[in-house]
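**Student:** Next come the chains, spelled out residue by residue.
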Amino acid sequence: MKSSRAMRARRGSERLRLAVGRVVLLAVIVAGWEIGARARVIDPYFVSRPSKLAHTVGGWFAGGFIYPHIWATVQEAVVGLAVGIVGGVLVGMLFAFFPFLSGLFHPLMVVFNATPRIALAPLFIVWLGIGLASKVAMVVSLVFFIIFFSTYAGLRDVDVNLINHVRVMGGTRRDLMRHVLLPSALTWIFASLRACVGFAVIGAIIGEYLGADRGIGWIVQYGESMFDSNMVIAGLLVLMVFVATLDGSLGWLERRFSHWKQKPL
Amino acid sequence: MIVVDRVTRTFETPSGDFTAVLDVSFRVAAGRFVSLVGPSGCGKTTLLGLIAGLIPMSQGRVVLGDRPVTGGVPPDIGYLFQRDALLPWKTALQNVALPLAIRGRPAGETRARASEWLRRVGLAGFEDYYPHQLSGGMRKRVSLATTLIYGPSVLLMDEPFSALDVQTRNLMENELLDLWAETRNTVLFITHDLEEAIALSDEVIVLTAGPGRVKASYPIPLPRPRNVIEIRFREEFTRLYEQIWKDLRDEVQQSYARSTRI
Numbered sequence: 036m037k038s039s040r041a042m043r044a045r046r047g048s049e050r051l052r053l054a055v056g057r058v059v060l061l062a063v064i065v066a067g068w069e070i071g072a073r074a075r076v077i078d079p080y081f082v083s084r085p086s087k088l089a090h091t092v093g094g095w096f097a098g099g100f101i102y103p104h105i106w107a108t109v110q111e112a113v114v115g116l117a118v119g120i121v122g123g124v125l126v127g128m129l130f131a132f133f134p135f136l137s138g139l140f141h142p143l144m145v146v147f148n149a150t151p152r153i154a155l156a157p158l159f160i161v162w163l164g165i166g167l168a169s170k171v172a173m174v175v176s177l178v179f180f181i182i183f184f185s186t187y188a189g190l191r192d193v194d195v196n197l198i199n200h201v202r203v204m205g206g207t208r209r210d211l212m213r214h215v216l217l218p219s220a221l222t223w224i225f226a227s228l229r230a231c232v233g234f235a236v237i238g239a240i241i242g243e244y245l246g247a248d249r250g251i252g253w254i255v256q257y258g259e260s261m262f263d264s265n266m267v268i269a270g271l272l273v274l275m276v277f278v279a280t281l282d283g284s285l286g287w288l289e290r291r292f293s294h295w296k297q298k299p300l
Numbered sequence: 172m173i174v175v176d177r178v179t180r181t182f183e184t185p186s187g188d189f190t191a192v193l194d195v196s197f198r199v200a201a202g203r204f205v206s207l208v209g210p211s212g213c214g215k216t217t218l219l220g221l222i223a224g225l226i227p228m229s230q231g232r233v234v235l236g237d238r239p240v241t242g243g244v245p246p247d248i249g250y251l252f253q254r255d256a257l258l259p260w261k262t263a264l265q266n267v268a269l270p271l272a273i274r275g276r277p278a279g280e281t282r283a284r285a286s287e288w289l290r291r292v293g294l295a296g297f298e299d300y301y302p303h304q305l306s307g308g309m310r311k312r313v314s315l316a317t318t319l320i321y322g323p324s325v326l327l328m329d330e331p332f333s334a335l336d337v338q339t340r341n342l343m344e345n346e347l348l349d350l351w352a353e354t355r356n357t358v359l360f361i362t363h364d365l366e367e368a369i370a371l372s373d374e375v376i377v378l379t380a381g382p383g384r385v386k387a388s389y390p391i392p393l394p395r396p397r398n399v400i401e402i403r404f405r406e407e408f409t410r411l412y413e414q415i416w417k418d419l420r421d422e423v424q425q426s427y428a429r430s431t432r433i
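Keeping their order, the protein sequence lines are chains Z and U.
The working numbering puts the last residue of the first sequence at 300; the count rises by one with no breaks.
The working numbering puts the last residue of the second sequence at 433; the count rises by one with no breaks.
Calculated directly from the structure, the hints in this document are not laboratory data.
Here a beta-carbon is modelled for each residue, glycine too, at the ideal position from N, C-alpha and C.
Among these hints, one or two may not hold up.
[Claimed, not checked] With beta-carbon atoms standing in for the labels, derived distance ranges:
no., chain 1, residue 1, chain 2, residue 2, range
1, Z, ARG213, U, ARG355, 26 to 36 Å
2, U, GLY307, Z, VAL63, 45 to 55 Å
3, Z, LEU163, U, GLY296, 56 to 66 Å
4, U, ARG355, Z, ALA188, 40 to 50 Å
Using the sequences plus the hints, can you model the full thing?
**Tutor:** Next comes the structure, spelled out in C-alpha cells:
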C-alpha cells in the first residue's frame with residue numbers, strides 16, 4: 036500500500052510538471068506572436084495579433100453575436116453525430132449477423148467510404164438546401180462509416196474462447212449478445228468515438244463553408260471573403276476551444292466506460 | 172456419465188481432409204475422474220469440443236447422462252478452457268455470477284453465492300478486481316469457481332493448468348481435488364502431462380499420436396484423498412508411471428518426429 040501511495044504521489048508530481056509545462060509553452064507561443072506582430076517581424080494583416088483577437092472574440096461573446104453561430108454548428112454536429120452513430124451501429128450489427136447482406140453491400144460501402152465527402156457537399160446543398168439538413172447529411176456521411184466499421188469489426192473480432200465459455204455455461208444468443216458481443220463492440224465504438232467528434236465538427240464546418248447563413252464555419256468563410264484575417268483566426272479560435280471541450284468530455288466518458296481495461300504501463 | 176461411441180471428426184483443409192479424431196470409444200462412469208493423455212496434436216481438444224457440442228461430429232455418438240449430444244451445447248456441462256475465458260469487462264464477482272444470472276436467479280442470491288464461491292477458491296476480497304488485475308493462478312481460480320457454481324454434472328477440463336508455474340499448478344491441482352471431493356461431478360480431464368493425469372485420476376486413457384485413437388486405458392487404484400505432490404513419492408505411483416509411459420512414449424516420439432520433419 037505504501038508503495039502504491041508513493042507511486043501515486045510520483046505520478047501526481049509528473050502530472051503537475053506536465054500541466055505547468057503546457058501553460059508555459061502556450062504563453063511562449065502567444066507572447067512570441069504578439070511581440071512578433073507588434074515588431075512587424077510577422078505581418079499582422081495576415082496573422083493578426085493575440086490582443087486584437089482577444090478583443091474581437093471577447094466582443095463576440097459580450098455582444099452576443101457568437102452564440103447563434105455556435106449553436107448552429109453544435110446543432111449540426113450533434114444531430115449528425117447522433118444519426119451517424121445510431122445508423123452505423125444498427126447497420127454494423129445487421130451486417131455482422133447476416134454475412135450475406137455484408138457481402139452484398141460490401142463493394143458499395145467501400146466505394147462510398149472512399150469518396151471524398153467534400154465532393155458530396157455541393158450535392159447535399161442542392162438536395163437539402165442551405166439549412167440544417169445539408170450539414171447534418173454531411174456529418175452523417177463522415178460519422179456513419181467510422182462507426183459502422185468499428186461496430187462490424189468489434190462484433191466479428193470477438194474472441195471465440197469467450198463465446199464458447201458463455202455458450203457452455205448455458206448462454207443463449209441473447210446472453211451472448213448482452214455479455215460478450217455488445218461489450219466487445221462497445222470498446223471498438225468508444226475507441227472511434229473521439230475521432231467521430233472531430234469528423235462531425237469538420238463535416239459541419241465544411242457544410243457551412245460551402246453554403247450557409249450561420250455557424251462558426253460561416254464566420255470563417257465570411258471573414259475570408261472580406262479579407263479579414265483577424266475574423267478568420269478569431270473564428271478558428273472559437274472552433275478550437277469548442278472542439279477541445281467536446282473531445283475532453285468524450286475522453287472523460289471513455290475512461291468511465293473502459294475502467295476494466297489494462298492501463299498501458 | 173459420459174459415453175463416447177466410435178466418434179470420428181474430419182476437417183476439410185486446402186491440402187485434403189484431415190482426421191483429428193478417429194473412431195474413439197470410451198466411457199466415464201458418473202462421479203469418476205478420468206484423464207485423457209496424449210502427445211500434442213493428437214486431437215484431445217477436438218474430442219472435448221465434440222463432447223461439449225461446440226464442434227459437430229463427422230461420425231459416432233456422444234451421450235451425456237441419458238441424453239445424446241446432437242447439435243448444440245448440452246445443458247448441465249462445465250468446461251474449463253486452456254486459455255482462460257473470463258470476460259475482461261466483468262469483475263471477478265460478476266464473472267462467477269454470470270452462469271446464475273443467465274439462469275435468471277435473483278440478484279441477491281446470485282451475489283451471495285458468487286462471493287461464497289470466490290471464498291471457496293481462496294479469493295475472498297478480490298470480488299471487484301478485473302481479470303487483468305489478477306495473476307494467472309488467480310484467474311484460473313475464478314474460472315474454476317465460474318464453472319463449478321452452477322453444479323454441472325459433467326466437467327470437461329482442457330489442460331487447464333498447463334500455463335501455470337509448477338508450484339501454483341500443484342496447489343491448484345490439490346484444490347481441484349478438494350472441491351471435487353465435495354461436488355463429485357463426472358470429470359474428463361485432458362493433459363499431456365502423465366504425472367498430472369495419474370495424480371488426479373481414477374483412470375488414465377492414452378491416446379495415439381494424431382489421428383487420436385484410444386491406445387490403452389489404465390485404472391489408477393491410488394487411495395483418496397490424495398495430495399498430488401506427496402503421492403508422487405509412492406512406489407505404486409512410479410510403477411504406474413512406468414507402465415503407462417511405455418505406451419505413451421511411442422506416441423510422443425511419433426508426434427515429435429512428425430512435427431520436426433523438414
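**Student:** Please go over all the hints and tell whether each is borne out by the structure.
**Tutor:** Status of the hints after comparison with the structure:
A hinted range of 26 to 36 Å for the beta carbons of Z:ARG213 and U:ARG355 is consistent with their spacing of about 33 Å. Checked against the hint of 45 to 55 Å, the pair U:GLY307 and Z:VAL63 passes, with Cβ atoms roughly 49 Å apart. Judged by the Cβ atoms, the range 56 to 66 Å given for Z:LEU163 and U:GLY296 holds: they are separated by roughly 59 Å. Hint check: U:ARG355 to Z:ALA188, Cβ distance near 44 Å, so the stated range 40 to 50 Å holds.
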